[in-house]
Structures are given as structure tokens and as C-alpha cells.
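So the chains spell out like this:
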Amino acid sequence: MSRRSGRVLDAYGAVFLLLLYAPIALILVYSFNSNVVNMMAWEGFTLDWYRSIFGLTTRLSESQIYVHSTEALLAAVRHSAIVALCASTLSTAIGTATALGLARHDFRLKRVYQGLLVLPMVMPDIVLGIALLIFFVGAGFKLGLSTIVIGHCVFLSSYVFVIVSARLAGMNTELEEASADLGAGPWTTFRRVTLPQIMPGVAGGALLAFIISLDDLVITYFIAGVDSTTLPLFIYGMLRRGIKPEINAIAILLLVFSFVVAATGLWLRSRRQ
Amino acid sequence: MTTLAGSRRLRLTALLTPVSLLLGTCFLVPLGIMAVYSFLTPGLYGGVEWSFYPYNYGRVLGAPLGDVEDFDPVYVEILLRSLRLAGIVVALSLVISYPAAFWVARFRGQRKSFVLFLVTLPFFASLIIRVYAWMLILRPTGFLNLVLESAGVIDAPLQIIFTEVSVVAGLVYILLPFMFLPIYASVEKLDPALVQASQDLGATPWQTFRRVVLPLTLPGVIGGSLIVFIPAFGNFVVPALLGGAKVMLVGNIIEQQFLAARNWPFGAALAMLILGTVLVLMLIYVLRIGRGGVAAGAQA
Amino acid sequence: MNPPVQGLLEIGGAVRIFRTPEGSIVTALDEVDLAVRANEFLTLLGPSGCGKTTLLRAIAGFEDLDRGDIRLDGISLAGVPAYRRPFNTVFQSYALFPHLDVADNVGYGLDVKKLARRQRDARVTDALALVGLEGYGRRKPKQLSGGQQQRVALARALVNRPRLLLLDEPLSALDRNLRQAMQIELKNLQHEVGISFLVVTHDQEEALVMSDRIAVMNGGRIQQVGTPGEIYDTPANRFVAGFIGVSNVYAGTIDRRDGPHCIVRTDGGIDLWARSAAIAAGARLDVMIRPEQLQVVVERTALQGPSLEGTVERLVFVGADLQVHARLADGSPVKALVRHRRTPLAGLEPGSAVRLGYDPEVVHLMAQQP
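If you're matching them up, the sequences are chains A, B and C in order. Counting in our numbering, the first sequence runs from 6 upward without gaps. Counting in our numbering, the second sequence runs from 35 upward without gaps. Counting in our numbering, the third sequence runs from 715 upward without gaps.
The shape of chain A in the complex, shown without the other chains (with noise of 0.2 Å):
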């Protein structure tokens, strides 16, 4: 490649950054503004919105903020922790049972389940939502926080499954063996020496699950019922109330958890043995 279309490709690689980034910067610069008239006109630096949705005081009148007590938004955000710990914790042992079962086995329905596998994943997600808010309702059950834990699980146990299979594809199946061969019966075997190998796999697949399940926003939407609603719920439902700056301060520090926790598990996923 000549050195002026290395160039080229440069340029067009910082717009690429610049145009995935500058959304998310602009929310954060806005999160700061202090004018509470004209949101997108600069006016100076401010906590207040920050403040405001930790219910500490501010100079801010109610009709600037929609989070009049922080009941409801930290209720939201308890309601989201809870899933997405519950979904990520049951979706990784389930994904990754699978993914054992269908990388050290041969067996006749093996494709059946490899294709079955990435349905939900590939799935509109709003065709699960509605299949699963018919199913629910059909059988009786309460729609809540259960509900959207088992939900998610259905879409989240492919991501893990997906995950660990391609670690365990990396991983020597004599390890395996050798250490059958050395004495260990399979649950030593399973924690002493696959678990260790594919563990990057697991705790990437864990973190993974956990953060889209945290921002699940179509499913839940279907599944969740009156008084179970999530931070992306209530986000949704503040945005479609119209748009106040105090947005801006939720979304940035949602951001920023999520890029935190995004960055361990990119991190985890890259890390060789």
C-alpha cells in the first residue's frame, strides 16, 4: 500500500473514532452545562444535574428535573443489579455447561443444538419479548423481576455458550487427558484443569452477560411488570416524557460503569494463558 493511501485510510480511521465518540462526548460535555433554560447552550460548569439525581440539593426548580426523589431511579437501578447479577450468574453456568457438553462430546443431536443455540442470539428481539410475554401471561406467571431473569437467560446463556466454546476450542483436550491419566477423576480434572484454562473464557462471558443484560432494554420492556422496572425502562420511559439535562448526568454515569465493566471483560477475553 503507497504511503498516501496509508494516509488516506488514517484520516478516515480518526473520523471513524471521531464519529463513534463524539455522541458519547457530547452527552458528557452537556452533563456539565448549567444552563437550564437552553440545554444546549453553553453557559458554564456544573454539578447541579449530577447532584440532582442523587437527591442532594440544588438551585434546580422541580420543573427542571423529572427525578423528583430518587426513589424511583435507585429502585430502577436495584432492579437492574439484581437481574443482571442473577441472569449473568445462572446464563454463565448454564453457557458454560453447554458449551463442556458440546466441545468434549460427540453426539448425533450435536448440530441440533449448535443451531438451536444461536436462534436467540440472532433473533429480533422483540419477537422473543412478545413470545415470551404470551408465555408468561399464559402460564400464569406474575410478571416481575423473575420473569425478566429467566428471560434473559435464554439469549444470555448463547453469549456465554458462544464464549467459552471458542476458549475451550483454544484448549489441548490432552491437558484433559493427561490429567486423567495422572489420577484425577473428572470433577478434579474439571477444577483443576479445565476450569483454570477456560476461566479468561467464563469470567469474559460473565461480564459480557452481565452488562447486556444490564442494558437489555426491548425484552424487558415486554416482560418487566408494573413495579419492576429497570434503569434502561426508566430511561426509556424519561425520554419519551421529553428531554431534561438531568438525562445527561444518568447517562453519563450509566456510561461509565458500563465502559468499566466492559473494559475488565475485553480485557479478560484478549488476556493468553
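Hints are computed from structural coordinates only; laboratory data are not their basis. Treat the hints with care, since some could be wrong.
To be verified - Taking lysine to aspartate or glutamate and the EDC-like style, the derived pairs with C-alpha atoms no more than 20 Å apart in a straight line are:
id	chain 1	residue 1	chain 2	residue 2
1	C	Lys854	C	Glu883
2	A	Lys147	A	Asp232
3	C	Lys856	A	Glu179
4	C	Lys1049	C	Asp1073
5	C	Lys854	C	Asp835
6	C	Lys827	A	Glu182
7	B	Lys280	B	Glu198
8	C	Lys1049	C	Glu1027
9	C	Lys856	C	Asp815
10	A	Lys115	C	Glu736
11	C	Lys854	A	Glu179
12	C	Lys854	C	Glu899
13	B	Lys146	A	Asp15
What the hints assert, rightly or not - Just some of the chain A residues that point at chain C, by a computed CB distance under 8 Å:
id	residue
14	Glu48
15	Glu179
16	Ala189
Said to hold, decoys possible - Label pairs and their computed distance ranges (CB to CB):
id	chain 1	residue 1	chain 2	residue 2	range
17	A	Arg113	B	Leu95	35 to 43 Å
18	A	Trp192	C	Ile789	19 to 27 Å
19	C	Gly861	B	Leu44	35 to 43 Å
We treat Cβ as the ideally placed atom computed from N, Cα and C, and that holds for glycine.
Fit chains B and C to the supplied structure of chain A, relying on the hints for placement.
For chains B and C alone, coordinates are given in the frame of chain A:
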């Protein structure tokens, strides 16, 4: 007598039982019930009557039940619009991602990991917040109008939000990673020696691209297109926030049937149409590209 | 009444059939009988796909047999999982645990048996000393060379004092010089520890150097079991003769007897003298003679005893020796070896006539394979 194969089968059963139960009861059964629902009669007050009723599909596809419901071409229009916008989203994200994949692939070592990290990170940002960012940009009082007005390019704010343009922009922004990663994976696998060999054999840069680079990165392009198309087609959050009442997509209609109109069978029928489209596309993909491709694409 | 237990480990009538993904059926083991004796170095030698690795894995407990039996001290191992069998394996890839250091790799088998700490440490130290890796305990496998990794794999297996050590192509990942040194070292190690070694290899030279006995396998069957000398001098059939060393093999029939000798007429019509065997005249058989047992002289030089006549095609230098490729009168190829020759004999060149003398005592007759 226990054999090695026997105890392995036992272990396999134990490992696969949880996923079989989960996907069996909470995935396949719900999809089955939804399929059944789409053929049931809508009840008067939101319920269903257990009698066969093909007109949920009839309403959309042009064979309604004469005096009760009319064929409303609006549903076909919305379906076609959803397809068209999803197609545009695929094309745009492809055009944006393809050169970017080559850009990232040119880095080496630690710098490459870092650039890849930079490119991947925004994809983990909350979806609703990434859509919100575009509301900020595209609103009449938004950032774009602000910049254009202060630069004197326009006098009055442009109406961009609640148009197809804003829906497409939002969808491209949130779905870009699903296009970028599969393409990047296939660009990364491309052996530079093949490009050099092509040049060595006298091919111009364009011929090299057409005859070597493009065919070898095509699996990534096709995989990426598929996994961008599917969520774009059924999306309802982006059109709800950036399209408003003017740019309704099929996802919005489904949402309405379930949460406002309470006509679940009709909503289920629309969902079945989406699902059918997706399955047909997947089937074509699997038959033409091969089995491993779907998993690989989804993995990226 | 069973014959007295001859070996430590006995394999009887072992059959293993695989179905390939394409649906065809491969018989990896076809009625294999084999006994491993106490304190011997036994090599399973054969081309890739001959079933030798399958046999090793069945002994280790990684594969079921479809039929037949593997017995240790006369007791069947059917259904005994790998982790309950008193054998240890040195894997082809070594399979060292990358997340454990050398000492923990070596101590793994002792740890899972919950051996007391002090005993465990002492045995790990001894095992590392045995393979010449004192002081390497805290390194990770990745920090070692290929040869060192192999020693760790050996120590990890031997530290458990197995009844039988299984080695799957143990030297294939090493470069040539190291491989030759390790052949001797493995043999010495086996002597030192007094444990039977069962080695799988496709390298005939390796097998000849290391083994007390060699079992040659092909097509899922054991072709011959014997000492290196027996295998080399009196191969059981054409396959063994061809797989081990260089040989001239001709198919033929016994034409007549002449005193202590019989005369075999090859299918090309050439007569070869051999020591008379208990085979009826007219029987089909293969006859073999090794190149180094042919005495090469230029045409018309007087020779005692029988000889073959041929035309030289090519002269090939093999280190100190000279290999003569020639054709017999019927066109069939023959190879002969002239020892310690840097220059051809006078008059020996491509196209020249040559006489190949031999001693009928060393001409070897083999039953034809079905």
C-alpha cells in the same frame, strides 16, 4: 458393565439438561404458543378466543375478513418501509465499516489491541443512551442545527428528527459494531502475501481488490449484513424515539398491539412475519455460506 | 486351561471400529493380541493410521474396545476409567498444564492422590533429578525448551511409579540431534526405573535403537513381534521387510530342493538359493535379501556360491557407503550396499553389468500375505 462411553454419555446428559430445559420451556414453547396465537381470534377486550382465525395475516397481506376488518395497505407499507430502511442501514454500515476494518487491521501489536479496544468500547455503551445521543444531535434545538445555524448555513432549524433520516442514523450508530466485527475478522484473516501475489501477477489495485480482497472478505460482509439487518428490521426503540409517529416501523405496530390496542393475535401474526423473514434469510445464509458461518458471525 | 500368564499386561482379541464423519468404517484394531512383559521396553511401530495410537489410548483408558480385553495381572480393565488405571502416559504434545509450574505439574498425580506434603515434595524433587531438571521446579512450562518439556512430561508420569509407562511418539517434536540423544537416554531411564515402557512410534530407526522388543503394526493388525534383530533379520512378511530397513523382496515359488538348500524361482524367472525350509515345492512365498548381504563385483569376477546378475542403473552415496541400484535380467529392481566406499569400484558405473553374490544362508523366505 460401565464403559467409558457410558459414563461419558451420563456426563453429557448432566451438562446439557439445564440448557435443554431453559431453551425448551422458555424459548421453543413460547415461540410455539406465539405461532398458535397468531391464528386465534382476537377477543373484544384484549383476550383471545380459541378459534381458528387466519385474518390476522389477512389484515396485513390483503385478505381480510370482509365486514369486520378492512384490508389496510398501511401495514404492507410499514412492512415495506421496515425492509427498505433496514436495507439502507445495512448498506450504510457496510460502507462505513469496511474501510475502518482495513484501517484497524494495519496496526501491529499493542497498538492494534488498543485501537481495537477503542473501536469496540462504545458498543458496550447502553443502547438507550446511544439513541439518546442522536436525539440530542438531531432535535430542532439540537447540536446539528445549533452548529449549522451559528455557521450561517441555515436560517431556520432543519426538521431532521422524526424523519427516516434520523431513524436510519440512529440504527446505523447502534448497529455499526455488528457490521464492523465480522468484517474485521475476515480482513484480519486475509493473508497480505495474497495481495502481493496479485500485484506481482500484474493486477492493478482495483483488480486486486475486485478479484482477491473482496471475495476473501465477502463472508464477513455477508455475515455482518445479516446480523445488522435482523435487529434493524424488527427494531422499535429507535423509531419510537427518533421516528415518532411519522416513521413507524413494524416493531412499533407490534408494540402497539401488545401494550395499547391489546390485539395480541394480530401482534403475534406480525411477529411471525418478522420471524419468517429472518428465518428465510438465515436459511439462505446457512445453505449458501455453510454451517460454521452463523456461529462465527454471531460470535464476532 | 489358559497358558501361564506371560506378561504384565495382556491384550486379547482387541477390536476397535470407528465411523468416520463421512460414514465410512475404519477398523483401527483388528483382533490384536499383544503381551507386555515386566520390565521391558516394547515399541509399537507402524505407519500413521495403523492403529498403534488407538491401542495405546485403549490401554490408557481413553478409548473403549468394541471387542476383546485388556488384562493387568490377569484382571480385566474393561470399564476401569483412565484415572483408576496404574499407567501413566507421556503425551505427544507433552500436555503440560500451562497454568501450573514444573513442580506442580510433576506433583499433580501425587496431589490428586492427596499424598502428604513432605513425601510429595521429596518425590517431585527425586523425579526432577531423575530427568536432570533439578532446580527447574518454579518455572512455567512455556519457559522451557522442547527437550526440557519432554523431561518434565517424563518426570510427571514416572513420579507416580506406574506399572507401565505409555509414550505416544515421545520424540517426534524434537530436532534430529536431540532425538538421537534422547533415544539412548530413554532406554537408560527404563533400565534405571525398572518400569515397562510401551512406546508408539512411526520411526523404525528409533524403534531399533531403543527397544527390547518391537511390535510392528499395519492395517490394525500386529504383523510381527520380536527383538530388533529378529524383526530385521527374519521379518514375518513383505510389509515388515519393507517397513524396516532397505530390502529386496521378490514373490516366487519353491522350484526344487538341492541338498540343504532349496531354489526359489521368482515370478520374473530368476532363481535364488536359500536354506531349505519346511515348505512344500510349488508353494507361493516372498523371498528377501538385504542390500548389505549382496556382495558386489564387476561382471566376470569369480565368485564362490550363487549370485545374481544385473545392470547398474545408479550409484548413490549414503555417507560412508555406496548404494548400487541395479536391475535384474527380468527388469525387477535390486539394491546392494558396498561398505566403506568413497569411490566406485573400477568398472562400476551406470550401464555396466554387475554380479551380486550372496550366501544362501541369509536369504530369507516369508509367507505371502493373504
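**Message:** Just to be careful, I want the Cα atoms of A:Lys115 and C:Glu736 compared with a cutoff of 20 Å; is the pair within it?
**Reply:** 16 Å, holds
**Message:** Can you confirm whether the C-alpha distance between C:Lys854 and C:Glu883 stays at or below 20 Å?
**Reply:** Given pair C:Lys854, C:Glu883 is violated - Cα atoms ~23 Å apart, limit 20 Å.
**Request:** Mind checking the alpha carbons of C:Lys854 and A:Glu179 for me, to see if they're no more than 20 Å apart?
**Result:** Holds, at roughly 18 Å.
**Prompt:** Are A:Glu179 and chain C close enough, Cβ to Cβ, to be under 8 Å, as the hint says?
**Reply:** The hint holds - A:Glu179 has a Cβ within 8 Å of chain C, the shortest such distance being about 4 Å.
**Prompt:** Hey, C:Lys1049 versus C:Glu1027, does the alpha-carbon distance stay inside 20 Å?
**Reply:** Distance ~10 Å between C:Lys1049 and C:Glu1027 Cα, so the pair holds.
**Message:** Run the distance test for C:Lys856 versus C:Asp815: straight-line Cα separation, threshold 20 Å.
**Reply:** 9 Å, holds
**Message:** Need the status of pair B:Lys280, B:Glu198: alpha-carbon distance at most 20 Å?
**Reply:** 9 Å, holds
**Prompt:** So does A:Trp192 sit 19 to 27 Å from C:Ile789, Cβ to Cβ?
**Reply:** 26 Å, holds
**Request:** Check the following: the C-beta atoms of C:Gly861 and B:Leu44 are separated by a distance inside 35 to 43 Å.
**Result:** 41 Å, holds
**Message:** Check the hint pairing C:Lys854 with C:Glu899 against an upper bound of 20 Å on the C-alpha distance.
**Reply:** 24 Å, violated
**Asked** Taking only the CA atoms, is the gap from B:Lys146 to A:Asp15 under or equal to 20 Å?
**Response** Given that 20 Å is the threshold and the Cα spacing comes to 13 Å, the pair holds.
**Prompt:** Does A:Glu179 lie within 20 Å of C:Lys856 when you go C-alpha to C-alpha?
**Reply:** 16 Å, holds
Hint check: violations occur at hints 1, 12 and 14; the rest are consistent with the structure.
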